[in-house]
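Trainee: If you're matching them up, the sequences are chains A and B in order.
Everything in the first sequence is counted per numbering that gives the first Met the number 0, starting at 0 for the first residue and increasing by one.
Everything in the second sequence is counted per numbering that gives the first Met the number 0, starting at 0 for the first residue and increasing by one.
Don't take every hint at face value.
[What the hints assert, rightly or not] To give an idea of the interface, some chain A residues facing chain B are shown, with a C-beta separation under 10 Å as derived from the structure:
#1 S38
#2 R106
#3 G248
#4 S266
#5 L269
#6 R270
#7 L277
#8 L279
#9 M284
[Unchecked claim] Mimicking SDA-like on lysine to any residue, the simulated pairs with C-alpha atoms at most 25 Å apart in a straight line are:
#10 K179/B / H235/A
#11 K179/B / P245/A
#12 K105/B / S266/A
#13 K48/B / S58/B
#14 K156/B / E19/A
#15 K286/A / V180/B
#16 K156/B / E120/A
#17 K52/B / L68/B
#18 K112/A / I209/B
#19 K185/B / E120/A
#20 K266/B / R281/A
Everything labelled a hint here was simulated from the structure, so no lab data went into it.
Every residue gets a Cβ at the ideal spot worked out from N, C-alpha and C, and that includes glycine.
Residue-level listing of the chains:
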Amino acid sequence: MPEPLQVADGVYMFLGAKGEVDPANLGRIGNAGFIVGESGVVAIDTGTSRQHGEDLLAAIARVTDKPVRLALITHTRQEFLFGAGAFRARGIPVAMHRRAANLMAARCENCLKTLRRQLGETAMSGTAMFKPDIEFEASHTIDPIGRPIEVLYFGHSSGPGDVAVLDTRSGVFFAGGLVDNQRIPDVQDSDRPAWLAALGALPRLPLTAIVPGHGPAGPPGLVDSVRRYLTDLERHMAELLQAGVPLSGVAEAAALPAFSHWDRYDSIHLRNASIVYLQLERESMFK
Amino acid sequence: MHVTILSRHRLLLATIAAWLGMSALGAIAQVGGLPTNVKHTDSSPEWEKLREKLFPGRSMESAASMVQLVVPLRAAYGASVPVRIVSKLPQSDNLYVKRITLLVDKNPSPVAAVLDLTRELGQADFETRLRVDEYSHIRVVSELSNGELHTDSRYVKVSGGCSAPPNRDQLHNIGKTFLKVPEGIKANEPAPVDLQIVHPNDTGFEMNQISLLYIPAHFVRSIKVSYAGRPLFDAELDFSISENPALRFNFIPGSGGEIKAEVVDSKEGRYVATLRVP
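So that you can see chain B by itself, here it is in the shape it has in the complex (with noise of 0.2 Å):
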């Protein structure tokens, strides 16, 4: 083949030309190989399951009237992608949200949380962030104090390709816990709490670049989180949920105390926060 010389100019003009018209192409192309046309309310192989497991024999409202999920529609990053879980009713005495689960269908290890909650909680909403291997349902299951179960569900797609390395430049300062109240506080209306934990939550199946040897798994397992003495709500953990684990809980304010958190991690590592409100 014969190339003549371009000048600069003129090979640029080509180059962009070659990426116009590779554009003109790639907007007719059917996107495949993934699925693209799940619901969110869908069910899957592994949710069957799993609930079958978790759930046995037990019925499950879907309709959202109790709780919702809320996932951001373009979760840009699988190993972190934000949920909220809004319950619609508040933790009153005659009914109140007992029981939390949270799961990602498609993860190594499906269920992300089961969270034990009280009435203290004023309201019984949360938000943390979860790792999404692949195209999944996230799903949440809300267990009432009358013992009714409903449930909420979103398909998540996260961009395809490599992950990211993990992070291992802070292991110095794994275990280190911080609270927050953000938004202030009203006396007697539930206010939001910040709590994060420095911590790696590897997986088990990540890679030392260096070593090319495993990294063992080493994650937050639980979070018991009071009020002035009393209990806000127990968590069990798994890895599913993101390094850094961060989650928004709410409490209601009232003559004053601490909001303590106690974590422990897979390695029996035990770490404390407290803050002293108002």
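In isolation and in its complexed conformation, chain A is listed as follows (with noise of 0.2 Å):
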């Protein structure tokens, strides 16, 4: 049953498990979290699976008998994306970015299929593909629970229709998939000088803890390390391309020793590298 962590008064998160998905986490790797305010509770992202959502739904009531109101999606990975299932059966809307709805419709069949084959049926079950209830364009503040929250939008950055969210009366700021800490942020889905130019521009919120996408939550200097990742990596594999360093040489190559204790360094910091290795020469080709 997942636990909720607190992070500030009325402001809690749920810890997704590390490493690659498997039927022992149930794909639960990503966090969620939820806010409680006057009236009701906007809950930030929906798990893995309808029961993983169902499950969110039990831990909340265990800590407010206040309502739902509103689920908010951060981003689009299935990890925050498949639990939402739970949440409109109860009738509470499920809120996406359009470009980050459009994500999920065009590519997460596939990933829906991948999951039962990973987690088999049973975890599964239930879960299925959904339009969201609200699908919005911009930045904006929410009120549906007597605690206003923003909802902020930075452009296609780490995703095309990624958001945070920001708590203002703590200062708590779930970064969705702009943030992750001490895992290796996922470059897949992202226009990276757009995600270092919002990331830049973080240190100018009133932000007291940052709650990730994966990992547990920090302060505020979280995004420092991702900042440090990317640039890093952009660097490292614009040396491998210099230096002739085939694609096939990529993975062997691909070591950053400073985040070689971050979860997921075995696989996505090889995907990111072969991605970014890839872009990196296709720029190279315009020139």
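Assembly of the complex is requested from the two constituent chains, each provided in isolation within its own frame, with the hints serving as guidance.
Mentor: Below you can see the structure in the form of structure tokens.
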């Protein structure tokens, strides 16, 4: 059963498991959270499966008897999406950025198929593709619970429709895809210059703590570790390309020892290396 | 449930402890769901069917004595898995590699490439990049000029989950073709050439994220390469070849001439690149 961890007064997170999706962790590798206001609750991200969504709702109900009014999905990764059915079945609207919703419609049927194979029918029972009840385009403030919450969109950054959520009362920032802690961030869907620009803008916000998409909550300085990883990765891949290392040699030469203790270094980092190498190679063809 | 308000410092310690605790659990967990004990040399139902269709009734040597397939152990990115085909014999007059077929068992269109080769290559080694949708064998079949078939295979596990959205920001550059001699040349010794084409190589299975319509298949389907007017190889290709198709091959520099690549895509787009050597 997911355990809520209190981050600030009325602000909680659920910490996802480390490592790859597997039957032991039920694919529950992403964080989720919720904010309790005067009159209700806003949930942030919905988990990996219908059952995960049910478990999150049950855990929220043990903290407060106030009703959940809204579920916000921060970005298009399976571990944040597919619990939405549990919320929608209770009439709780699910909100997403339009581009996040489109990305989900374009590719997540496959993610779901893969998840079913990895976790089995029982774990994924009742889990289905969905269309969000609310789609939005720009940053905006919501207040369905007597506590103002800012939904922040930085353009296509870590992903095309990635948003972050700021609880203005406590200064807790749910970073979604923008920040991971002690976990390799995934560059697959990103526009890296825009992502770095968004990270650069975060210190100007009145933040007291960050709940990352993956890994434990931390101080606002978490942003710097993600920036460092992204810039080191790009610099290293540019060096490999410059030195004539072929794509087949990238995995062997990808090491960034400063980040080797981060979760998913053996998987996501290697994929990131290939992706950035190929992007730089493509850019070099157009010079 | 009553939750006391922790100081930020204690909160961080608590969440980090929870994180570490989960890692210990994860370490003893058995990975399941997908097959993990498959050997590189195993067959597959898909391969049995393909083999019967492509090489009916013919025997095939699989001792890797004549052809070897090299794939990095950690093929991290399924959209572009680098593969190298190594031939264990030179392209000599009395015996040479006549045709190479490259396949990905589980792909929707498994035959990635059929290369018809001449002796002018000197050495029938190739490198390219493949799309691999899921855990799959990649196979090469090498047909020698004496009719023998040799095969080698690798089982590849690409990290699952969601694939990257197709990159569509350079459509105006489509067909731009580059030829490069990356390692210099020595007279009468096989030297590698890199060929790369700017092309989305669309499979027809990707959805446009704005319109949510399928992007029609559009891919490089043939490449003919010659040196000094003499053919090196003809390649028939499919969309199992990655975006921006890349091919490394050999030629034997003689008294000089032009390497020429003629590219045709599935919408009859025609593109040509030439490179003067030496």
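Trainee: State for each hint whether it applies.
Mentor: Structure-based check of each hint:
1. S38: Interface hint status for S38/A: violated (20 Å vs cutoff 10 Å).
2. R106: 6 Å, holds
3. G248: 8 Å, holds
4. S266: 5 Å, holds
5. L269: With a closest approach of 4 Å, the L269/A hint holds.
6. R270: Holds: closest Cβ of chain B sits about 4 Å from R270/A, inside 10 Å.
7. L277: 6 Å, holds
8. L279: Hint on L279/A: violated, closest Cβ of chain B at ~12 Å, above 10 Å.
9. M284: Hint holds; M284/A Cβ to chain B Cβ min 6 Å, cut 10 Å.
10. K179/B / H235/A: 23 Å, holds
11. K179/B / P245/A: 13 Å, holds
12. K105/B / S266/A: Holds, at about 22 Å.
13. K48/B / S58/B: 15 Å, holds
14. K156/B / E19/A: It holds: about 13 Å lies between the C-alpha atoms, which stays within 25 Å.
15. K286/A / V180/B: 18 Å, holds
16. K156/B / E120/A: 22 Å, holds
17. K52/B / L68/B: 22 Å, holds
18. K112/A / I209/B: Roughly 23 Å separates the two Cα atoms, so the pair holds.
19. K185/B / E120/A: 60 Å, violated
20. K266/B / R281/A: 23 Å, holds
Hints 1, 8 and 19 from the list above are not met by this structure, while the remaining hints are.
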